Amino acid sequence: MAISTSSSILFPFSTKSQLPLNHTLFSISPSASDSHSSWKWRTQLLLHQPALPISKRTRKNVVSAISTDSEVSTRSGETENETELAKKWREIHGSGDWANLLDPMNPILRSELIRYGEMTQACYDSFVYDPYSKYCGTSRYPLESFFQSLGLESEGYQVTRFLYATGNTQMPNLFIKPRFPKLWSTRANWIGYVAVSDEETSKRLGRRDILIAWRGTVTRLEWVADMTNILNPISSRKIQCPDPSVKVEFGFLDLYTDKDEECEFCKYSAREQILAEMKRLLEKYKEEEVSITITGHSLGSALATLSAYDIAETGLNKTSAGRDVHISVFSFGGPRVGNMRFSERMNDLGVKVLRVVNIHDIVPKSPGLFLNEKLPPWLLKMTTWLPWSYVHVGVELELDHLESPYLRRSTDAGCSHNLEAHLHLLDGYQGKGMKFELAIGRDPALVNKSCDFLEDKYMVPPMWRQDENKGMIYVDGRWVFADRSDIDGHPEDTHYHLKEIGLFSEKE
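Taking full-length UniProt numbering, I'd label the letters of the sequence shown as residues 1 to 508.
Keep in mind that a hint or two might mislead.
[Unchecked claim] Beta-carbon label-pair distances, calculated as ranges:
#1 457 / 395: 29 to 37 Å
#2 500 / 470: 24 to 32 Å
#3 395 / 318: 23 to 31 Å
#4 349 / 493: 21 to 29 Å
[Claimed, not checked] Below, simulated DSSO-like cross-link-like pairs (lysine-lysine); rule was C-alpha separation at most 30 Å, straight line:
#5 259 / 177
#6 238 / 134
#7 318 / 267
#8 87 / 286
#9 88 / 381
#10 203 / 238
#11 134 / 177
#12 88 / 286
#13 381 / 365
#14 267 / 203
#15 87 / 259
#16 134 / 470
#17 286 / 318
#18 238 / 381
#19 88 / 259
#20 177 / 499
#21 87 / 432
#22 432 / 374
#23 284 / 238
#24 284 / 259
#25 177 / 267
#26 87 / 318
#27 284 / 318
#28 435 / 457
#29 267 / 499
#30 432 / 457
#31 203 / 88
#32 284 / 267
#33 203 / 318
#34 177 / 365
#35 88 / 435
#36 499 / 286
Note that these hints are calculated values from the structure, not bench results.
Note that the coordinates shown come from a computational prediction; the quantities given were computed from them, not determined experimentally.
Note that the Cβ used here is the ideal one computed from N, Cα and C, for glycine as well.
Based on the provided sequences and hints, a complete structural model is requested.
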C-alpha cells in the first residue's frame, strides 16, 4: 500500500472504532494485496462519505496517536491462543470456576473476555440514542449486516435475532425518550441481540457458540437510583423455580418479563424472546457441541445473569439429543441481582458467572449497599429474609483504573463505569500487584469514545465517536433524516417455539 503524506493528518484511532468525520485522511492507493472491500472503504474516506468502522483486517494499516511497546510482540501469540482455546474452552468458560486463571491473568481468558466485551460494546455503538432521530431507540444497523457494519465481521458470528423491551416504568432512565413521537414504536427500545458462530469460527472455538448480548445504559447512571432495593420471588412472574425464597430485584424482574401486546416489538417480553430463540437454535444444532455465552454491561449485566438463570432453570440447556449445554456469563460493571438463595440456586444449576469490575465503580456496589456478601456468613444468613439483602453471583475479577498510566485520576462515576475503560484495564491487567502492561495492544484511544478518561498528553478528544451530521442527509435541497428499510422485528415462529416450551397454551 502506498501512502502519500501530502495534506494528511495522523489518524488517532484504531481497531473497531468509529472514524471521526469531516477530516482529510491519508491519500491512499491500493496495493495488490488490498481487497476490493478494503479499497472501497478507503475511497469512502477520501470522498468524505459516512465513515465505517475499522475491522481487525485493516487494523495493521492504521496509525494510532498512542503507540505501545506491546503492539508488535502480542500478535505472535494470537494463533497459539486460538489453537489452545478449542481444547480448553470449558475451562476458559468457568468449568473450574476460573481457578488459577485470574492471578496471574491467563492470556486466553483475557482475549476471550475482551472479545465478548467488544461484542457487548457493539450494543452501544449501534444504538440510536439521539432523541431527535425518528429511529431513536433502535439499532442503527440491520440484523443481516450488524457485525459487518461495526467492523466486527472477523469475529465470525451472525446475528439471528434482535431483542426488544418495553418502556419500563420501574427503570425509566434505561430508555431513551425521543423529543417527538417515535414512528416505529411508542414504547419499545432495542436492548440487545442473539448471535451464533459460523462454521469456521465454531471450529476455531471448539464448539458452536450461541451468544446473547444485552445493552446497558449508554452513559447515564441515573438508573441506579431507579432500583427499588426490593426483592421479589422470581416465581412471582411465572418463571419456573422450585424455591419461593429465590428472589431478585423487582425492577430487573419487571424489565425482563414485561410486555405490551398492542406493540409489534413488545408483544413478547424479553424473556419470551430469549427462550423462543434458545429453543430454536438448540434444536437446530442439537447434534453439535454447543455453548451459551451471555454477556452484558451495567444494567445489561443484570439481564445477562437473570436470563442465564432462566435458561438453566427452564431446562433448555438440555437438548433433545441428550446433550448438556454449558452456560456461562461474562458481565462487566454489573449490579447485584438477587439474594443469597438466588446465588446458591445459580450454583446448583451449574451456571458459571465471571464478573469483571472496576473497584472504583459504584454500580457493582448496588443494590445492597450494607447487607451483602461482604458480611460474615453467620450475619448474612440472619439477614437473608430482609428485602434489601443482596449477594453477588459467581466469581469476581477486580480491576483498578488507578493502575493504568493512560487514564486520568478521575472521580467521574461515568468514567469508572465505562465499558471501553473496562476492556482497556483487562488488556493491561497481569495479576494482583503486577505492573500494568498492555498485552493485546488494544488501542487506548477507544476509552475516550464516549467519555473523557485518557490523560491529556495523548491528545485524544473526549467523546469523539459521532455520526456524520447526526444522520441527516442532503436531498433535493433539503436536509432530512435518511430513511431506512424496515426495522427487524420478531421471527414468525416465535409463538410456535414458546408453545413447544409450554409458555403458551394451544388456545393462545
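Going through the hints against the structure:
1. For residue 457 and residue 395, the Cβ-Cβ distance of about 36 Å falls inside the hinted range of 29 to 37 Å, so the restraint holds.
2. A hinted range of 24 to 32 Å is violated for the C-beta pair residue 500 and residue 470, which are about 44 Å apart.
3. As the Cβ distance of residue 395 to residue 318 is approximately 24 Å, the hint placing it in 23 to 31 Å holds.
4. With their beta carbons about 27 Å apart, residue 349 and residue 493 fall inside the hinted range of 21 to 29 Å.
5. Pair hint residue 259 plus residue 177 holds up; C-alpha atoms about 18 Å apart against a cutoff of 30 Å.
6. Distance hint between residue 238 and residue 134 is unfulfilled; the C-alpha atoms sit about 35 Å from each other, more than 30 Å.
7. Proposed proximity of residue 318 and residue 267 is supported: the alpha carbons are some 27 Å apart, at most 30 Å.
8. Under the criterion of a C-alpha separation no larger than 30 Å, the hint pairing residue 87 with residue 286 is consistent with the structure, at around 21 Å.
9. Between the alpha carbons of residue 88 and residue 381 the distance comes to roughly 36 Å, so the proposed pair goes past 30 Å and is violated.
10. For the proposed pair residue 203 and residue 238, the alpha carbon gap of about 38 Å is over 30 Å, so the pair is violated.
11. Restraint check: the Cα-Cα separation between residue 134 and residue 177 comes to about 11 Å, which is no more than 30 Å; the hinted pair holds.
12. For the hint pairing residue 88 with residue 286, the CA-to-CA distance comes to about 21 Å; that is within 30 Å, so the pair holds.
13. A distance of roughly 19 Å separates the Cα atoms of residue 381 and residue 365; the hinted pair therefore holds under the 30 Å criterion.
14. A threshold of 30 Å between alpha carbons decides the hint, and for residue 267 with residue 203 the separation of about 37 Å lies outside it, so the pair is violated.
15. The hinted pair formed by residue 87 and residue 259 fails the criterion: a straight-line CA distance of about 41 Å is larger than 30 Å.
16. With a C-alpha separation of about 12 Å, the suggested pair residue 134 and residue 470 falls inside the 30 Å cut-off, and the hint holds.
17. With a C-alpha separation of about 9 Å, the suggested pair residue 286 and residue 318 falls inside the 30 Å cut-off, and the hint holds.
18. Among the hinted pairs, residue 238 with residue 381 is consistent with the structure: their alpha-carbon atoms are about 26 Å apart, no more than 30 Å.
19. The straight-line distance between the Cα atoms of residue 88 and residue 259 is roughly 40 Å, outside the 30 Å bound, and the hint therefore fails.
20. At most 30 Å may separate the alpha-carbon atoms for a hinted pair to count; residue 177 and residue 499 exceed this at roughly 34 Å.
21. Between residue 87 and residue 432 the CA atoms are separated by roughly 27 Å; this keeps the pair inside 30 Å, and the hint holds.
22. Annotation: proposed proximity of residue 432 to residue 374 holds, straight-line Cα distance about 20 Å (limit 30 Å).
23. A distance of roughly 27 Å separates the Cα atoms of residue 284 and residue 238; the hinted pair therefore holds under the 30 Å criterion.
24. Of the pairs offered as hints, the one joining residue 284 and residue 259 holds, with about 27 Å between alpha carbons and a cut-off of 30 Å not exceeded.
25. Only pairs whose Cα atoms come within 30 Å are accepted, and residue 177 paired with residue 267 is accepted, the gap being roughly 20 Å.
26. Distance restraint check for residue 87 and residue 318: the Cα-Cα separation of roughly 22 Å lies within the 30 Å cut-off, and the hinted pair is therefore satisfied.
27. Restraint check for residue 284 and residue 318: the C-alpha separation of about 13 Å stays at or below 30 Å, so the hint holds.
28. Between the alpha carbons of residue 435 and residue 457 the distance comes to roughly 21 Å, so the proposed pair stays at or under 30 Å and holds.
29. For the given pair, residue 267 sits about 15 Å from residue 499 by alpha-carbon distance, which is consistent with the 30 Å threshold.
30. Note on residue 432 and residue 457: the hinted pairing holds, with a Cα-Cα distance of about 27 Å set against a maximum of 30 Å.
31. The hinted pair formed by residue 203 and residue 88 meets the criterion: a straight-line CA distance of about 13 Å does not exceed 30 Å.
32. For the given pair, residue 284 sits about 25 Å from residue 267 by alpha-carbon distance, which is consistent with the 30 Å threshold.
33. For a cut-off of 30 Å, the pair hint linking residue 203 to residue 318 stands: about 22 Å separates their Cα positions.
34. Of the supplied pair hints, the one linking residue 177 and residue 365 holds, its CA atoms being roughly 27 Å apart against a limit of 30 Å.
35. At most 30 Å may separate the alpha-carbon atoms for a hinted pair to count; residue 88 and residue 435 meet this at roughly 27 Å.
36. About 19 Å separates the Cα atoms of residue 499 and residue 286, which keeps this hinted pair within 30 Å; it holds.
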